[in-house]
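Protein chains: 2
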Amino acid sequence: MDIFIILFDDFRTLDVFGPVDVFGEIKEFTLHYCSINGGIIYNSHQVPIMTQSLPLKLPYNSVLFIPGGMGTRLLVDDRVFICWLDKMIAQALYCLTVCTGSALLAKTKRLNGKYVTSNKNAWSWVTSLNNQVNWQEKARWCVDGHLYTSSGVSAGIDMALCFVADLYGKERAIKVANLMEYVWNDHSHNDPFSSSL
Amino acid sequence: MDIFIILFDDFRTLDVFGPVDVFGEIKEFTLHYCSINGGIIYNSHQVPIMTQSLPLKLPYNSVLFIPGGMGTRLLVDDRVFICWLDKMIAQALYCLTVCTGSALLAKTKRLNGKYVTSNKNAWSWVTSLNNQVNWQEKARWCVDGHLYTSSGVSAGIDMALCFVADLYGKERAIKVANLMEYVWNDHSHNDPFSSSL
Chain A
1 MDIFIILFDD
11 FRTLDVFGPV
21 DVFGEIKEFT
31 LHYCSINGGI
41 IYNSHQVPIM
51 TQSLPLKLPY
61 NSVLFIPGGM
71 GTRLLVDDRV
81 FICWLDKMIA
91 QALYCLTVCT
101 GSALLAKTKR
111 LNGKYVTSNK
121 NAWSWVTSLN
131 NQVNWQEKAR
141 WCVDGHLYTS
151 SGVSAGIDMA
161 LCFVADLYGK
171 ERAIKVANLM
181 EYVWNDHSHN
191 DPFSSSL
Chain B
1 MDIFIILFDD
11 FRTLDVFGPV
21 DVFGEIKEFT
31 LHYCSINGGI
41 IYNSHQVPIM
51 TQSLPLKLPY
61 NSVLFIPGGM
71 GTRLLVDDRV
81 FICWLDKMIA
91 QALYCLTVCT
101 GSALLAKTKR
111 LNGKYVTSNK
121 NAWSWVTSLN
131 NQVNWQEKAR
141 WCVDGHLYTS
151 SGVSAGIDMA
161 LCFVADLYGK
171 ERAIKVANLM
181 EYVWNDHSHN
191 DPFSSSL
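From first to last, the protein sequence lines are chains A and B. 1 is the number of the first residue of the first sequence in full-length UniProt numbering; add one for each residue after it. 1 is the number of the first residue of the second sequence in full-length UniProt numbering; add one for each residue after it.
Calculated from the structure, these hints are not laboratory results.
27 Å max Cα-Cα, derived BS3-like pairs, lysine-lysine:
1. Lys-27(A) to Lys-170(A)
2. Lys-114(A) to Lys-57(A)
3. Lys-138(B) to Lys-170(B)
4. Lys-57(A) to Lys-87(A)
5. Lys-175(A) to Lys-138(B)
6. Lys-175(B) to Lys-138(A)
Only some residues are given here: those of chain B computed to face chain A with a beta carbon under 8 Å:
7. Phe-17
8. Tyr-33
9. Ile-40
10. His-45
11. Pro-48
12. Lys-120
13. Leu-179
Glycine residues also receive a C-beta, built at the ideal position from the N, C-alpha and C atoms.
Kindly generate the complete structure, drawing on both the sequences and the hints.
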């Protein structure tokens with residue numbers, strides 16, 4: 001199963017590399033780091049990642065992964081990107097997003113009527129973008145059909161472990177969490193940060 | 001303050017990018033991604049990161065950061081690398097390591113007599129490398145003078161937050177943890193994974 005990780009300027013570091021540390025331990029997954037034009041992408045943490053240019057068509061059974069970060073503040077108004085994203089979501093078997101990545105998805109309308117969450121520190125901005133989404137304030141992550149959305153930054157690790165559990169069983173996810181010496185918050189509605197709303 | 005992040009083939013993803021997500025939020029820090037020869041470094045999670053070649057001399061007040069990962073299994077026997085590392089540690093104001101990065105440091109002898117921890121899944125291998133180190137089995141992380149060592153993978157985030165707290169106060173570290181929506185395990189001896197020994 002191919003996982004396409006969509007990178008853009010000022011993506012949030014842990015939004016990407018928390019889930020990557022989970023996915024990278026699953027031998028059935030192949031990870032691809034992509035951006036609109038390819039080349040090196042930097043973020044505000046000065047992380048330089050080499051990317052391939054985005055494919056026009058996803059292979060069968062692909063997963064689309066979209067992080068958040070300050071870069072989403074500009075990208076929500078980038079029609080070319082949102083249009084491309086809309087087409088990619090339609091092709092993907094699963095679509096996963098962390099943090100303010102849900103702002104980008106909300107702009108495609110593909111979240112309309114769906115149970116969705118996002119970063120609690122950017123909640124009012126994200127939810128203002130589309131009032132047709134069933135925004136869930138108290139959720140570490142949400143699953144609705146083939147869509148997985150998570151709260152901010154580190155919540156992506158919990159969601160990624162849930163994705164592995166859904167595909168390959170909870171024992172496998174626990175094994176990965178233990179390798180990471182990570183205490184998995186495995187209850188999607190146990191959200192310690194929703195009280196900051 | 002400059003933080004030099006030392007990368008090598010098969011470094012562990014979250015060992016690096018967990019702490020980077022913390023350090024990247026501290027405006028006083030500048031992050032540098034380095035490797036022996038520079039260029040793109042890959043790991044087993046297929047992460048392609050662009051690096052500068054390692055400096056021969058660290059700027060005044062620098063921090064050296066060394067991740068772990070499967071790549072350390074080869075590097076412990078790389079005399080050129082260990083010799084270079086030894087010289088860098090001597091110049092650094094602080095030296096931080098995550099996971100099996102402590103195996104590399106142990107080979108330099110700079111951990112001799114120091115309170116140190118490491119990954120609990122690789123404990124017997126790491127501790128076998130140097131019996132002059134005060135290896136601490138039940139520790140999420142350890143601080144001994146200018147040396148910070150942590151347990152496996154996600155423990156690096158807890159240690160990085162402690163480093164920020166030590167330099168700039170606990171309130172600042174809590175603020176970063178909240179931005180990351182991360183439940184900081186702020187007790188260095190609260191180690192949920194030591195029981196697997």
